[in-house]
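Novice: Below, each chain spelled out in residue letters.
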Amino acid sequence: MDGISSNLASIDYIIIGVYMIGVLYIGSYFAKYIHSTSDFFLAGRALPFWAIGMSIVVSDIGAIDLITGAGAAYDRGIAQANFDWIGSVPAILIAAFIFLPYYWRAGVYTLPEFLGRRYNAATRWIHALVLLAFMLATVSIMLWTSAVFLNKVLGWDHLTAIWVTTAIVGCYAISGGLAAVVMTDVMQLVVMFVGTGALLALAMWEVGGWSGLTEKVLAQPEVTQEYFRLLVEHKPGTEYPWPGMVFSLGLIMSTAYFVGNQAVMQRALGARSEWDAKAGMLTAGLFKMMIPILVFLPGMAARGLFPDLSPADAAIPTLIDRLMPAGLKGLMFAAFFAALMSSVDSYLNSCVTIFLGDIYRPIHKKITGHALSGKLGLTLGRLLTAGVLVVAAFYAPQFAKSETLYDVIQTLLSLFQGPTLAILLLGIFWHRATGWGGLAGLVIGVCLTMVLNILGEAVFLSEAAYLYVSFWSFWVSLAVTIAVSLVTTPKTPEELQGLVYGSVLNESTVEGPAH
Amino acid sequence: MLFTRMAVGGWWENFCEFICSVLGPPLKSFHEPIDQWLGSLPMSVAIACAIGLFVVAGIWVWTLRREFIFRGAPDHQWWRDLRIWSMVVLLPYIAVYLLLGR
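Read top to bottom, the protein sequences are chains S and H.
Residue numbers for the first sequence follow our numbering, beginning at 51 and rising by one.
Residue numbers for the second sequence follow our numbering, beginning at 51 and rising by one.
A few of these clues could be false.
Claimed, not checked - What follows is a set of in silico ranges between Cβ atoms, one per label pair, in the way DEER data are often shown:
(1) H:63 x S:361: 24 to 32 Å
(2) H:83 x S:447: 39 to 47 Å
(3) H:83 x S:413: 15 to 23 Å
(4) S:96 x H:128: 19 to 27 Å
(5) H:73 x S:285: 23 to 31 Å
(6) S:413 x H:73: 13 to 21 Å
(7) S:287 x H:87: 42 to 50 Å
(8) H:118 x S:409: 28 to 36 Å
(9) S:418 x H:105: 52 to 60 Å
(10) S:179 x H:87: 36 to 44 Å
What the hints assert, rightly or not - Just so you have them, the derived chain H footprint on chain S, three or more residues with Cβ under 8 Å:
(11) 273 to 281
(12) 289 to 301
(13) 321 to 327
What the hints assert, rightly or not - A few chain H residues that don't get close to chain S, going by computed Cβ distances all over 10 Å:
(14) 60
(15) 61
(16) 128
By construction, these hints were calculated from the structure, which means they are not laboratory data.
The beta-carbon is built from N, C-alpha and C at its ideal position, and this holds for glycine as well.
Using the sequences and the hints given, assemble the complete structure.
Specialist: Here it is as structure tokens:
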């Protein structure tokens with residue numbers, strides 16, 4: 051990953067500068083429309099479907115995917131695409147047509163808030179704390195990825211790169227809230243698609259098209275036909291065995307991700323109507339088809355062109371260095387930074403939303419006796435955004451020791467995805483699920499995920515143990531929630547109004563959220 | 051094995067070793083027959099399962115009530131029908147798994 055910085059031309063720096071100014075301008079432009087917490091966290095509930103769809107995709111595809119996702123594709127082949135294909139679309143439909151209407155009608159800001167209403171305050175708090183820990187770790191990882199890239203592209207030392215990224219992201223995320231985040235996401239998606247599209251075209255041209263790629267890669271002694279198969283046999287030593295991809299990723303992990311990921315749901319909840327929220331999710335599904343083509347295919351092309359790269363994560367930086375002419379390099383840098391910033395700002399905004407809504411707001415009410423005012427909430431939201439970013443920046447260098455950041459993120463997700471989906475499903479579809487049942491399902495499920503992650507390859511066939519962890523923790527949480535619910539007192543039908551199946555989908559008179 | 055590589059001190063490593071030695075063998079003997087059975091299935095089953103996910107999702111969407119699909123839409127023009135949108139989203143994925151799954 052050496053040598054890129056020495057090849058950056060003046061035009062590259064101009065493109066990078068123009069991009070940065072554009073992002074900061076959009077962020078500050080939307081600041082004048084922020085007057086309340088609803089404006090800050092849900093964009094005043096005025097987002098159109100196309101902005102939601104584009105924002106979901108660009109928040110989901112971060113710098114981590116551009117670097118480590120492409121690196122994994124270099125190493126493991128096209129099966130990596132499952133994370134964006136089968137790992138997206140059935141889940142997006144489920145999120146759009148089952149879960150979203152519930153959140154929408156309940157008028158909630160966050161998933162823990164929904165769990166709190168359906169189950170109890172303890173479930174809400176524990177889920178909020180787990181989500182916060184995950185989001186904070188994810189922002190730190192993103193900042194570290196940025197540092198690694200900027201170190202290679204501009205020659206900056208890691209710490210400088212982290213703090214410069216922190217300052218730029220902080221500027222518009224703090225001032226503009228969700229509207230700024232979503233509108234810069236729209237611009238960033240365009241930049242990202244153009245940049246990665248140019249890289250894909252150059253890489254595929256250089257490798258001789260699809261036939262040239264297969265020929266060059268299959269000529270390498272350690273590569274088999276499975277490199278070009280989406281579904282791979284279930285056998286020892288396989289990175290992504292098909293049952294894990296279809297049953298765990300396709301059914302459980304992806305559904306839990308799209309219905310439980312605050313960064314995704316918050317965009318949909320900021321929609322101007324329920325139709326826009328659902329249509330936004332579907333638009334995201336359409337764009338997701340393009341991600342493996344734009345991000346992972348260049349990684350595979352790098353395998354054909356540069357078979358001996360080490361580490362594999364050097365695939366994209368090497369392609370940029372060796373193939374891209376002056377001007378396009380600057381564009382690609384902007385694309386990388388677009389991917390990075392869109393993800394960091396999204397997680398940041400969601401992180402603060404959860405902290406303020408699910409942890410601070412109930413404490414404030416208990417201590418002062420009255421609800422948090424909109425003005426104070428807005429000020430706290432901005433202060434917290436800065437605080438979270440600074441904490442994440444301090445923690446970022448800790449990830450220098452990690453070998454594969456893509457697997458780290460997936461492992462962190464596996465700590466709560468299965469249990470979350472289990473209690474969500476039961477909470478919505480089973481009237482008998484009780485507060486104690488949900489709490490037990492969540493706590494025991496999360497503890498189990500930790501134990502299973504420790505066991506890893508000692509029990510599971512694949513190195514990607516997180517595939518199995520999510521699957522088994524889902525079923526165990528489901529069983530625990532049912533068992534405990536059956537021996538505890540259920541909520542009354544009045545308490546469940548608007549929270550369970552039947553009282554929402556069949557309610558045609560309700561037209562909008564409570565807020 | 052992210053967790054076993056965490057550098058948080060000797061007690062954590064000891065705890066991980068304890069978990070592996072106590073829970074590893076019984077869970078392995080539980081999971082091994084499942085692995086063997088899944089390993090014996092032909093790849094055509096894998097492709098059918100993957101495509102089946104998309105097909106079932108597509109069929110399910112068409113069972114949703116029209117009123118629910120259009121709720122919040124400014125009008126009921128055919129192009130605002132999210133069931134049609136769902137088909138447009140699903141078809142490329144089905145094609146890709148048919149082509150690259152085998």
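Novice: Could you run down the list of hints and mark each one as holding or not?
Specialist: For each hint, the structure was consulted:
Evaluation of the 24 to 32 Å hint for residue 63 of chain H and residue 361 of chain S yields a pass: the beta carbon distance comes to about 26 Å. For the pair residue 83 of chain H and residue 447 of chain S, the beta carbons lie near 44 Å from each other, so the given range of 39 to 47 Å is met. Here the CB-CB span from residue 83 of chain H to residue 413 of chain S is close to 50 Å, at odds with the stated 15 to 23 Å. A beta carbon spacing of about 26 Å between residue 96 of chain S and residue 128 of chain H agrees with the range 19 to 27 Å that was offered as a hint.
Range check, residue 73 of chain H to residue 285 of chain S: Cβ separation about 24 Å, and the 23 to 31 Å hint holds. Residue 413 of chain S and residue 73 of chain H have their C-beta atoms about 38 Å apart, which leaves the hinted 13 to 21 Å range violated. In this structure the supplied range 42 to 50 Å is violated for residue 287 of chain S paired with residue 87 of chain H, their Cβ-Cβ distance being about 18 Å. Separated by about 34 Å at the C-beta atoms, residue 118 of chain H and residue 409 of chain S satisfy the suggested range of 28 to 36 Å.
A C-beta distance of roughly 54 Å is found between residue 418 of chain S and residue 105 of chain H, which places it inside the suggested range of 52 to 60 Å. A hinted range of 36 to 44 Å for the beta carbons of residue 179 of chain S and residue 87 of chain H is consistent with their spacing of about 38 Å. Residue count for the segment 273 to 281 of chain S with a Cβ under 8 Å from a Cβ of chain H: 4. That meets the three needed, and the coverage hint holds. Using a Cβ-Cβ cut-off of 8 Å, 8 residues of the segment 289 to 301 of chain S lie near chain H, which meets the minimum of three, so the contact claim holds.
Only when three residues or more bring their CB closer than 8 Å to a CB of chain H does the claim for the segment 321 to 327 of chain S stand; here the count is 5, and the claim holds. At the 10 Å boundary, the C-beta of residue 60 of chain H stays outside the reach of chain S, the nearest C-beta of that chain being 15 Å off. Interface exclusion of residue 61 of chain H from chain S stands, the closest Cβ pair being 13 Å apart, more than 10 Å. Against chain S, the non-interface label of residue 128 of chain H holds: every CB pair exceeds 10 Å, the least being about 14 Å.
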